[in-house]
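Position one of the sequence shown corresponds to residue 35 (this note's numbering), numbered consecutively onward.
To be clear, the hints were calculated from the coordinates, so they are not data collected in a lab. Treat the hints with care, since some could be wrong.
As the list claims (entries may be wrong) - Only pairs whose alpha carbons sit at most 20 Å apart, straight line, appear in this in silico DMTMM-like list of lysine to aspartate or glutamate: (1) Lys610 - Glu600; (2) Lys535 - Glu507; (3) Lys541 - Asp613; (4) Lys350 - Asp613.
What the hints assert, rightly or not - Here are the simulated distance ranges between beta carbons: (5) Glu237 - Pro631: 20 to 28 Å; (6) Trp571 - Thr520: 16 to 24 Å; (7) Thr520 - Thr630: 32 to 40 Å; (8) Asp539 - Glu172: 39 to 47 Å; (9) Asp539 - Gln486: 15 to 23 Å; (10) Phe201 - Ser384: 55 to 63 Å; (11) Gln379 - Trp571: 20 to 28 Å; (12) Glu569 - Ile192: 58 to 66 Å; (13) Asp331 - Val193: 29 to 37 Å.
Every residue gets a Cβ at the ideal spot worked out from N, C-alpha and C, and that includes glycine.
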Amino acid sequence: MTTKDIEASQVSDTLKHNLARIEVLTQRMATALAHKKEIRSSLQAPTPELWAKAAGALMGEAMSHPEKIWAAQIDYWGKAVQNAVAAQEALVAGGVVEEDDTPADPRFKNPLWQTHPYFHALKKQYFIAAEAIEKAIEDLDGVGEYDRWRLEYFSKQIVDMMAPTNFLATNPDALEKAIETEGQSLVDGLENMIRDLERNDGELIVTLSDPEAFKVGENLGTTEGSVVYRNRMFELIQYAPSTKKVRATPLVIFPPWINKFYILDLKPQSSLIKWIVDQGYTLFVVSWINPDATYADVTMGTYVEEGYLAALAEVKAITGEEKVNVVGYCIAGTTLALTLSLMAQRGDDSVNSATFFTALTDFSDQGEVGVFLDEGFVGGIEEEAQETGVMSSLFMSRTFSYLRANDLIYRPAINAYMLGNRPPAFDLLYWNGDGTNLPGKMAVQYLRGLCQRDEFAGAGSGFALFDTRVRIEEVKVPLCAIACETDHIAAWKSSYRGMRKMGSDDKTFILAQSGHIAGIVNPPSKKKYGHYMNEAWPEDPDDWKGGAEFFEATTWWFHWEEWLAERSGKKIPARKPGDGGHPVLCAAPGTYVAGTPWRPS
Numbered sequence: 035m036t037t038k039d040i041e042a043s044q045v046s047d048t049l050k051h052n053l054a055r056i057e058v059l060t061q062r063m064a065t066a067l068a069h070k071k072e073i074r075s076s077l078q079a080p081t082p083e084l085w086a087k088a089a090g091a092l093m094g095e096a097m098s099h100p101e102k103i104w105a106a107q108i109d110y111w112g113k114a115v116q117n118a119v120a121a122q123e124a125l126v127a128g129g130v131v132e133e134d135d136t137p138a139d140p141r142f143k144n145p146l147w148q149t150h151p152y153f154h155a156l157k158k159q160y161f162i163a164a165e166a167i168e169k170a171i172e173d174l175d176g177v178g179e180y181d182r183w184r185l186e187y188f189s190k191q192i193v194d195m196m197a198p199t200n201f202l203a204t205n206p207d208a209l210e211k212a213i214e215t216e217g218q219s220l221v222d223g224l225e226n227m228i229r230d231l232e233r234n235d236g237e238l239i240v241t242l243s244d245p246e247a248f249k250v251g252e253n254l255g256t257t258e259g260s261v262v263y264r265n266r267m268f269e270l271i272q273y274a275p276s277t278k279k280v281r282a283t284p285l286v287i288f289p290p291w292i293n294k295f296y297i298l299d300l301k302p303q304s305s306l307i308k309w310i311v312d313q314g315y316t317l318f319v320v321s322w323i324n325p326d327a328t329y330a331d332v333t334m335g336t337y338v339e340e341g342y343l344a345a346l347a348e349v350k351a352i353t354g355e356e357k358v359n360v361v362g363y364c365i366a367g368t369t370l371a372l373t374l375s376l377m378a379q380r381g382d383d384s385v386n387s388a389t390f391f392t393a394l395t396d397f398s399d400q401g402e403v404g405v406f407l408d409e410g411f412v413g414g415i416e417e418e419a420q421e422t423g424v425m426s427s428l429f430m431s432r433t434f435s436y437l438r439a440n441d442l443i444y445r446p447a448i449n450a451y452m453l454g455n456r457p458p459a460f461d462l463l464y465w466n467g468d469g470t471n472l473p474g475k476m477a478v479q480y481l482r483g484l485c486q487r488d489e490f491a492g493a494g495s496g497f498a499l500f501d502t503r504v505r506i507e508e509v510k511v512p513l514c515a516i517a518c519e520t521d522h523i524a525a526w527k528s529s530y531r532g533m534r535k536m537g538s539d540d541k542t543f544i545l546a547q548s549g550h551i552a553g554i555v556n557p558p559s560k561k562k563y564g565h566y567m568n569e570a571w572p573e574d575p576d577d578w579k580g581g582a583e584f585f586e587a588t589t590w591w592f593h594w595e596e597w598l599a600e601r602s603g604k605k606i607p608a609r610k611p612g613d614g615g616h617p618v619l620c621a622a623p624g625t626y627v628a629g630t631p632w633r634p635s
C-alpha cells in the first residue's frame, strides 16, 4: 500500500466517523427543536406596521419623484458592476487585489478579504449594498423621525446579519479551518450549536463563556461575608471587615435585579465589593430573588416596600445607626430614586446620601433601547406577563444583545458554530449569561409608567406608588451619580438630565469612560479607563463635558470614595456580620444567587 493509499484510508475513516456523528447530532437537533416554545411575533421583530410605513413612503416617492429612485438604482448598479469588473481583472492579472479601498472593519480580519479577488469582491459588494440601504432610508420622505430612527436601527440589524462573515460558504476563516481539520471543525460546531439548543429549550442562544469554567462562590463572588437577613424578595449580605476600624455610617448597595449582584464581585482583583470593604466600610449588598410565576403579584411598590425599605430597616437594626448611605445600580438606581421621593413624603430621613451607578430617572430621551419601546413590543411584553406572570430573562438578554449584535451574537456564533471552538473562559460574559426573570406586573409598570410616559421626571403629576405620586424633584439627599460615556443601556446624557432635575443642593456627577459594565467595574489595577468631573451644572450635557476636567487612565473609584468618606462619619471598631437578632443564615454569596427559591420559615 502506498503513502497515498494510507492517507486516503485515513481520510475515509475520518469522514465515516464524522458522518456517523452528524447522523446522531441531527437526531439530537430534532429533539431539541421539538421543545422550542412559540414566541409572540411582537417580541420577535418590529410589527408589520413599521415596514408598511416604509413601503408606503417608498411607493409615494416612486410616484412623485421617480428620478430619485432611478438615480439610486443607477448609482447602486454602477458600483456593483465596477466591483465585478475589478474582480475579474484582478483574477486575470494574477489573482491578487492590488489595492483595498473598503472601510476598516474588525469582521474582515482574514488577509484574504483584502487580497483575494473573490473574497474582496464579496466584501466590497456588501459595503455597497449597506451604503445603498442606509442612503435610501436617509432620503425617505413621508415617515416621522421616530419611525425613521427605528427603520435605521432595524435595517442595520438586517445588514449586520447578512454580512458574508456570517455564512460558511463566504467565511474564509471557517473554510480554511474546515479544510485543515478535514471537516472536524464543522462537526464540532454543529455539536456546539445543538448543545446551545438543548440548554435553552430549543431557542438558539449562543453560549458566550465556558459554562464549566466558573462557579459562583468558588471562583466568582468570593469576598468573605454572610447572609444576615432573608425575605421573599432578597437576601441581605453583610461583608466581613478587612480593616480594624470602619466608618460609622454603613453602606448598602442595591444592584439591578435584571442580572445578579456578583458583577460587583467577579474576581478579587476586579471586585468593587472587596475594594469598598478594604477602604474601611461596613458594606451590605442586596441579592435579589430570581422570580418565577409565583411572583406575578409583585410590583414596583413591592420592590420599594419589601426590598429597599426592608433592607434599610434591617441594616439600621444590625448596626445601631440611624442613617445609612445607599447605592443603586441601573434599574435599582431608578427605583432608589422613587424610594427616596417616597421617603421624603413620609418624613423618613434614614438615607444620609445616595449614589447612582448608570441609572436613568429622566426618560425623555430613551436612548438606543428606545427602538424596542414602541407599543407593539411593550404590548407583547404585557400579554406575555399576563399569561406567564413574568418577563422571561430571554427577552431582556436578547434585547441587550441585539444592541451590540456583532460582538454578542454573530462573532461568538462564528467562533462556536463555524470554527467549532469552545467558548472562552471569560467571567464577565459568564455573568452576562446568568440572567434573571422580571415579575410581570413590575416590568409593565416600569416600561409604561417610566420608559414610555416618563411620569417620574416628566411634566405630569408623578409616578403612582402606593397611595401617592412621587416626583423627581422630591429627591433632596446628597447625591453622586456615575454615568458611562459609551453606555448603550443608560445613556449618560439622560442620566445627567435626571440628576439636574433632582431637588438636592449637594450633587456630584462623574462621567466614566467605556460602557454600562466596564465603566463601573474599572479597578485601579487596570489603569485603563479615565473619567470626567465638573462642579458646574449647565443645562446642556455637552457643555458639562466640554468644561470638565479629564483624569486619564484613572478609575473614578477614588474620587467617589473621597465623596463617600465625607458623608460616612467617624471611624469605629469594625463590625462582624450580624448581631443577636440577626444570626448568620449562610455564607456569602448566599442561596438566591444560585437560583434557590424562597421558602417561608
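Status of each hint after checking the structure:
Simply put, Lys610 and Glu600 have alpha-carbon atoms about 23 Å apart, too far for the 20 Å limit, and the pair is violated. About 6 Å separates the Cα atoms of Lys535 and Glu507, which keeps this hinted pair within 20 Å; it holds. The suggested pairing of Lys541 with Asp613 is violated, with an alpha-carbon distance near 34 Å, which exceeds 20 Å. Taking the CA atoms of Lys350 and Asp613, the gap is about 11 Å. The hint holds against a cut of 20 Å.
Judged by the Cβ atoms, the range 20 to 28 Å given for Glu237 and Pro631 holds: they are separated by roughly 23 Å. Here the CB-CB span from Trp571 to Thr520 is close to 22 Å, well matched to the stated 16 to 24 Å. Range check, Thr520 to Thr630: Cβ separation about 36 Å, and the 32 to 40 Å hint holds. Look at Asp539 against Glu172: about 45 Å separates their beta carbons, and that is inside 39 to 47 Å.
Restraint check, Asp539 to Gln486: a C-beta distance of roughly 31 Å breaks the suggested window 15 to 23 Å. At roughly 58 Å, the beta-carbon separation of Phe201 and Ser384 lies within the given 55 to 63 Å, and the hint holds. Distance hint for Gln379 and Trp571: a CB-CB separation of about 25 Å, consistent with the stated range 20 to 28 Å. The hint said 58 to 66 Å for the Cβ distance between Glu569 and Ile192, and at roughly 45 Å that hint is violated.
Here the CB-CB span from Asp331 to Val193 is close to 43 Å, at odds with the stated 29 to 37 Å.
Checked against the numbered hints given earlier, the structure breaks hints 1, 3, 9, 12 and 13 and satisfies all the rest.
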